[in-house]
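**Student:** Protein sequence lines, in the order shown, are assigned to chains D and Z.
At position 150 of the first sequence the residue is numbered 748 (my numbering), and the sequence of numbers has no breaks.
At position 18 of the second sequence the residue is numbered 1502 (my numbering), and the sequence of numbers has no breaks.
Where hints are given, some of them may not hold.
[Claimed, not checked] Footprint (simulated), chain D over chain Z, 3 or more residues, beta carbon under 8 Å:
| no. | region |
| --- | --- |
| 1 | 1574 to 1586 |
| 2 | 1666 to 1680 |
[Claimed, not checked] Taking lysine to aspartate or glutamate pairs in the DMTMM-like style, the calculated list, with each CA pair at most 25 Å apart, reads:
| no. | chain 1 | residue 1 | chain 2 | residue 2 |
| --- | --- | --- | --- | --- |
| 3 | D | 892 | Z | 1618 |
| 4 | D | 892 | D | 780 |
| 5 | D | 892 | Z | 1619 |
| 6 | Z | 1716 | Z | 1509 |
| 7 | Z | 1707 | Z | 1661 |
| 8 | Z | 1670 | Z | 1610 |
None of these hints come from the bench; they were simulated from the model.
Even glycine gets a Cβ: it sits at the ideal position worked out from N, Cα and C.
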Amino acid sequence: MQPVPIRTSLIFVAVIGAASFLPQFGSEYVVAVALSFAMWVALAQSWTVLCGMTGYGSFGHAAFYGMGAYVQVLTWGTLSPWLSVPLAGLVSCLFALAAGYPALKVRGPYFVMLTFGLAEFLKFSIIGIEATLGQFSRLIIGAPSPNALYLAMLGLAAAATLITYVVSNSRFGYGLRAIREEEQAAETIGIPVARYKLTAFGLSAFIPGMVGAVMAMRLSYFEPSQAFDALISFNIVVMAMIGGSDDARGPLLGALFLIGLSELLWARAPQVYMIVLGALLVFFVLFAPQGLAKQLFGGARRRAT
Amino acid sequence: MSFLTINGVSKSFGGLQALRDISFDVEQQEVVGLMGANGAGKTTLFSLIAGHSRPSLGSIHFKGRPIAALRPDHICRQGIARTFQIVRPFANMTVLDNVIVGALYGVRQERSTARAAASAMDILADLNLANRADDPASSLTLSGQKRLEIARALATGPELLMLDEVMAGLTATEVSELLDSIRRIKRRMSLTILMVEHVMQALMRLSDRVMVLHHGELIAQGKPQEIVADPKVIAAYLGPST
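With the hints as extra help, turn the sequences into a complete structure.
**Tutor:** Structure below.
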């Protein structure tokens, strides 16, 4: 992989640095919005590693988020919450590898339906398990402070952005894009297609699992139909699509745009929020299918040299 | 031991027998042309060698190793590259990126994108595509996309190059230019070439040997001049004389 340009890395470090001081002078509201922004950046970046690059669109990323949250509440009180977070990432990752092995054999709309179905299946399984155990929701008492959780989420957003950036500019990223463009041709020039898709799927589940674990502490309770809510999957897809692009810029722009918009609309006109969101998605699909990133930064990818 | 050995290969799709008991050898640095009418089994044979499907019967050896059971990416890494008759570019990537991917994988497994880009530029120059390096692959004409197919295959660093009708649909000038390019590259990279071609001029000028497939069987092989005079070949193409 090529060295990271100095300007990009300076901006990255400066933004993360500035954002980590936010709790010192920002209001509670500002920190809450920033946490939500960081969460969606982390999720949308993770989604892009698989879906933006390989073209396998997942409509089931809520499953990884929910798994992470579930691991956190199950281990609450027995394991340090900061140990549970990476454990949650690992469990989500393993789940993705197990589910991805058969699921990645189909592509296009079939893969979309399959991931959606798998996520719903997991949701209702967990609801069933919880009901059998006599648990209808679990509380988390004594969670770390919102500021600490914000910093954790910021770290996850930074890590996810870094992963997407590194993958996007690496040999692995070239292989994934080739799979997206023409899978059989990719295999013919020596790309281990099945292994690459599975690796990308596992990678794209890791951070969402950790995000779920952190959010469970932030919300301080766990309720399966909420943690595995399909709306989480939809939101990730909408952000990634509005942002566009198969590198780290798209998810950043998409999350920024959507979080900004939703804060404005929830405050001013909550009754039209979903309507505006729907209209926007239609607009982007019809008129700017390449997303904001392509509109702002131009067409074909710059050359590698 | 031959470079490439096809031994008793048959392939059927359900009740249709696409290839029947095909055997032949290809020697190192030889250029072998494969001709035959549509449906004769030429592309099927290519798919078997490249690992896209497996023979129903028979074996394929490359440099002494059996390859019939390997996956396409493994076969590519052994040193066999193919082009597709219907071009399959990575359409939304630049012309250069298309070729870079080939160099990053294949036999070469180049770890540095910068070094891959440098060798990709050389290959693009060989195929008169250097000035289009930064354009998206989808913007190339058919002739350009055919040359890009070859460039991407070459970038993997093959010893055996399989060309599937790369001349089809090109104008006479383009055919002649591409013939020159292929000759030049073959010499420089010491390639062995197996080519399916309908353009007789290309077969005549490039091939050391021509093989003729007809209804899934190998009916003749020999020097290009002998093949065009072979009564069996003429009968297969024009129907038996009465």
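**Student:** So, for every hint listed, does it hold in this structure?
**Tutor:** Hint check results:
no.	hint	in the structure
1	1574 to 1586	holds (count 10)
2	1666 to 1680	violated (count 0)
3	D:892 / Z:1618	holds, 16 Å
4	D:892 / D:780	holds, 21 Å
5	D:892 / Z:1619	holds, 16 Å
6	Z:1716 / Z:1509	holds, 21 Å
7	Z:1707 / Z:1661	holds, 23 Å
8	Z:1670 / Z:1610	holds, 11 Å
In this structure, the one hint that does not hold is number 2.
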